[in-house]
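Line order of the protein sequences matches chains A and B. Here numbering that gives the first Met the number 0 is used: the first residue of the first sequence is 0, the next is one more, and so on. Here numbering that gives the first Met the number 0 is used: the first residue of the second sequence is 0, the next is one more, and so on.
The hints are simulated quantities; they were obtained by calculation from the structure and are not laboratory data. No incorrect hints appear here.
Where chains are identical, the list cannot tell them apart; a pair therefore holds if satisfied intra-copy or between any two copies.
Pairs of lysine-lysine residues, derived as BS3-like cross-links and limited to a Cα-Cα distance of at most 30 Å, are as follows:
{"#": "1", "residue 1": "LYS432", "residue 2": "LYS177"}
{"#": "2", "residue 1": "LYS322", "residue 2": "LYS250"}
{"#": "3", "residue 1": "LYS250", "residue 2": "LYS338"}
{"#": "4", "residue 1": "LYS211", "residue 2": "LYS432"}
{"#": "5", "residue 1": "LYS338", "residue 2": "LYS297"}
{"#": "6", "residue 1": "LYS54", "residue 2": "LYS142"}
{"#": "7", "residue 1": "LYS488", "residue 2": "LYS322"}
{"#": "8", "residue 1": "LYS177", "residue 2": "LYS93"}
{"#": "9", "residue 1": "LYS74", "residue 2": "LYS54"}
{"#": "10", "residue 1": "LYS93", "residue 2": "LYS211"}
{"#": "11", "residue 1": "LYS338", "residue 2": "LYS432"}
{"#": "12", "residue 1": "LYS147", "residue 2": "LYS54"}
{"#": "13", "residue 1": "LYS177", "residue 2": "LYS211"}
{"#": "14", "residue 1": "LYS43", "residue 2": "LYS142"}
Number of protein chains: 2
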Amino acid sequence: MTNTSKRTGLVQDRRTLLTGAATFTLFTPGLTFAASGDLAAVRKAAEAGFDASVKRIQDWIALPSIAAENRDMDKGADYMMALARDAGFQQVEKVPTDGHPGVFATLDVGAKRWMGIYFMYDVKQFDPAEWSSPPLEARIVDKPGFGKVIVGRGAVNQKGPEAAFLAALHALRAAGRKSPVNLVLVCEGEEEIGSPHFHQIVSRPHILAALKRCEGVVIPAGWQSPSNGGVSVNLGAKGIVELELVASGAKWGRGPRTDIHSSEKARVDSPAWRLVQALTTLVTPDGNTPAIDGYFEKVRPLTARERELIGLAAQRMSEADAKRALGVDRWIDDLPWEKALERLASQPTINIEGLVSGYTGPGGKTVLPGRAVAKIDLRLVPNMTMADCVAKLRAHLDKRGFQDIEVNVSGGYDPTETDENSRLIRAELNSYKRLGVETSVYPRLAGSWPGAVFTSAPVGLPAGQFGLGHGSGAHAPNEYYVIESSNPKVEGLVGATMGYVDFLYEIASIR
Amino acid sequence: MTNTSKRTGLVQDRRTLLTGAATFTLFTPGLTFAASGDLAAVRKAAEAGFDASVKRIQDWIALPSIAAENRDMDKGADYMMALARDAGFQQVEKVPTDGHPGVFATLDVGAKRWMGIYFMYDVKQFDPAEWSSPPLEARIVDKPGFGKVIVGRGAVNQKGPEAAFLAALHALRAAGRKSPVNLVLVCEGEEEIGSPHFHQIVSRPHILAALKRCEGVVIPAGWQSPSNGGVSVNLGAKGIVELELVASGAKWGRGPRTDIHSSEKARVDSPAWRLVQALTTLVTPDGNTPAIDGYFEKVRPLTARERELIGLAAQRMSEADAKRALGVDRWIDDLPWEKALERLASQPTINIEGLVSGYTGPGGKTVLPGRAVAKIDLRLVPNMTMADCVAKLRAHLDKRGFQDIEVNVSGGYDPTETDENSRLIRAELNSYKRLGVETSVYPRLAGSWPGAVFTSAPVGLPAGQFGLGHGSGAHAPNEYYVIESSNPKVEGLVGATMGYVDFLYEIASIR
Chain A
0 MTNTSKRTGL VQDRRTLLTG AATFTLFTPG LTFAASGDLA AVRKAAEAGF DASVKRIQDW
60 IALPSIAAEN RDMDKGADYM MALARDAGFQ QVEKVPTDGH PGVFATLDVG AKRWMGIYFM
120 YDVKQFDPAE WSSPPLEARI VDKPGFGKVI VGRGAVNQKG PEAAFLAALH ALRAAGRKSP
180 VNLVLVCEGE EEIGSPHFHQ IVSRPHILAA LKRCEGVVIP AGWQSPSNGG VSVNLGAKGI
240 VELELVASGA KWGRGPRTDI HSSEKARVDS PAWRLVQALT TLVTPDGNTP AIDGYFEKVR
300 PLTARERELI GLAAQRMSEA DAKRALGVDR WIDDLPWEKA LERLASQPTI NIEGLVSGYT
360 GPGGKTVLPG RAVAKIDLRL VPNMTMADCV AKLRAHLDKR GFQDIEVNVS GGYDPTETDE
420 NSRLIRAELN SYKRLGVETS VYPRLAGSWP GAVFTSAPVG LPAGQFGLGH GSGAHAPNEY
480 YVIESSNPKV EGLVGATMGY VDFLYEIASI R
Chain B
0 MTNTSKRTGL VQDRRTLLTG AATFTLFTPG LTFAASGDLA AVRKAAEAGF DASVKRIQDW
60 IALPSIAAEN RDMDKGADYM MALARDAGFQ QVEKVPTDGH PGVFATLDVG AKRWMGIYFM
120 YDVKQFDPAE WSSPPLEARI VDKPGFGKVI VGRGAVNQKG PEAAFLAALH ALRAAGRKSP
180 VNLVLVCEGE EEIGSPHFHQ IVSRPHILAA LKRCEGVVIP AGWQSPSNGG VSVNLGAKGI
240 VELELVASGA KWGRGPRTDI HSSEKARVDS PAWRLVQALT TLVTPDGNTP AIDGYFEKVR
300 PLTARERELI GLAAQRMSEA DAKRALGVDR WIDDLPWEKA LERLASQPTI NIEGLVSGYT
360 GPGGKTVLPG RAVAKIDLRL VPNMTMADCV AKLRAHLDKR GFQDIEVNVS GGYDPTETDE
420 NSRLIRAELN SYKRLGVETS VYPRLAGSWP GAVFTSAPVG LPAGQFGLGH GSGAHAPNEY
480 YVIESSNPKV EGLVGATMGY VDFLYEIASI R
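Okay, chain A solo, but in the shape it has when bound (with noise of 0.2 Å):
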């Protein structure tokens, strides 16, 4: 029996996943700790607490705390704190900030190691009808190639996962088994917003104290490839800055300042071209390349090992999935797949999230628009900063004479970066590799988490994602997170728990 079929038999149908016996042979070869017998007993205790765990993701989505719309924050906060208690957090408080409130908790079983874990207790925004089921009853939906989904606002991004690792937690615990590490678990509300408070809740005198004990942190994920099981550990993340630019009438003291007549436009200037105007000298004509004064001064190129690990990357990925994934039938310039690669780890952007301005509804309405507004992000690579990036950006508007556009900026963070030799991203290989789970290197994530509160001072440690088990649709709709795989290459939440039980493991007993 290979792995392989071994793990077709995990994952095909629930019923041959709860006995238990041939799927628990899966972990066994390798493994670094002491008693393998551990193992056994917690996977019993993770098939058996299946039902439970689906439905604390369920619960937990049908609450949806959403920092853009200031909906149920305070309420995301308290039901986080009440999951911690219950996966056996000794300490849990809850951190103000002059935002909406994060969590910190403890769990301190007297292990040689501390793990630090990040979870974000917010999703993102939707729209209902946009759904084929409602966003918060998280049905269970037969997904086609997949298997048995939860359907629903954070299936993936992030309650899925962060789920499947408490149901780690619960598993150790109710095969009479102590954690292998302390933990510290740091939460926000605001991690879709920006985290624009983040940094005040760890560096808090106490919560700081305690992640410097840790060997790192990371954020639980889902994202195995569905083609090959495959996942990739991020060696860092762009950062991120979220703004609006905004013209209007008002500010500008040209224009209307309410939406007007638009035949007043022959003696009456336009915000929204104003804007236009403005936006348009941020980017190269081709919109792909930002044009703000300085604004590659910090920029570091790729390093040669960098290059090297994109490379390996790109022989191990499909071209061909991406594209169809997103959509897309050319990448910028027409580059190759490799040099694509490069370029969306290496370049900072300059992203238009959205348009808004007068009518925007069906059809036409014959308005001068008081006001226009662009929603952009800016992603940065290593050595850029948010700060920076906001400073070069104004004084870039200002020089052009666009004193009077303002630039609202909602939230961001600096890039991560975190050393490939770091015993962080040693132990995750190991696990990954013992898991039988191919496993690609890479650089830095295009996308973006507040990884850079955890790897800049005052904490200064490693951090990255972890996490077995799939899911996809983050920020749009029909998101899901597998539950029971179909596919023999991808874990379902079972296999995610006990990646999650492997990895603390491997963090105890690494050298």
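Given chain A's structure and the hints, the job is docking chain B onto it.
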């Protein structure tokens, strides 16, 4: 007793207004038609019909026909037909078009002359949340400084003034009088989307033949100035083209077909940036002058007479009032009042009505939109034509490589001009003068109406607006129309009704 004090009596209080005799004298001096006793009887009938006339407006507002939303269009045409029959039109027919139906009606009293009347039965879109009272309830509200007004969508644009015209026909009949002229009514339901099919209505042979008998065509209006009761007689109006410019991954062959995660910007082109780049080429850097290749070729500069008329209007009108009403501190290029008015009348415009792309809700959302739309209106001056302008826009974009940007025209019409010495304009001036209303002859309305359908081939008639009374808020929340004026310089519904009676007699008798 001066005219003004009499008119104060007329409008200050409905009870006074309904006493009749004192107010009737306002209209007697200088009447050109024979039986001035007729007028007293008609006025009594108009006053007696006040409640019915108000209800006619309210009931009409309760049925909002909105072409952009395909809302109640056929019902609206049927309702219009019933209103025409009720007012005495003998022949009333629905006129199908490639879009929404129009209405054609005639009232043949065997008079020597025929007059054309243009109605629109559609109204602009509305958002009830923005209104102080439900926009379809047509509530009667005391508006300080104005009097009793009907608040509702379509109140002034154009149901109130149109209903005042119908009230004139009802009053004539109730007083046992025939209309002094025969009438041709042409009506459409697509004015608010740029009258894309109105030419199909007027070019039907029997409708065209009926129109060609007319002295001219007027649309009822209620635009007396609240400051001095003055009215403009407009010798024309700008043309308009409404269109959407659409950039999309689907058409472009670059960028995504749908919204994707914004981190992809580093390797994927952006339709939103493409739209911004294309827009930038359409106007001068200040956003104020069209920069489409060859766009000014057909633009006819103001004549000496037109400049003279604007100069006279500038003296009569208050710049401060205009700026206050618009919420504007300065005109384009800080032009002085008269030059701003010249610019308003003489310059073609390219206006952004709306921008829509990607995420448009509160806060941000990290998407790279697959589609971006600019809602645009072009205002045309003589001798520009809609067809030529759209062709030049297309050629301009194509020449710059923007072949993929869609130009989706939803409606529009050419500019319209009517001879100052036509019988229609002279009759308007005579009526206004007799009614004691300060009149300013204005060369060209910056707004647009489908008058070109009448002034151009094949119809070729003088066309304009006529009406006393006041309302405002067209296309905006809390649109209103005054039914009982507390402003001594402005007429209410009965005064507006009697204005139409006077005008019809004037058309009947003018040399």
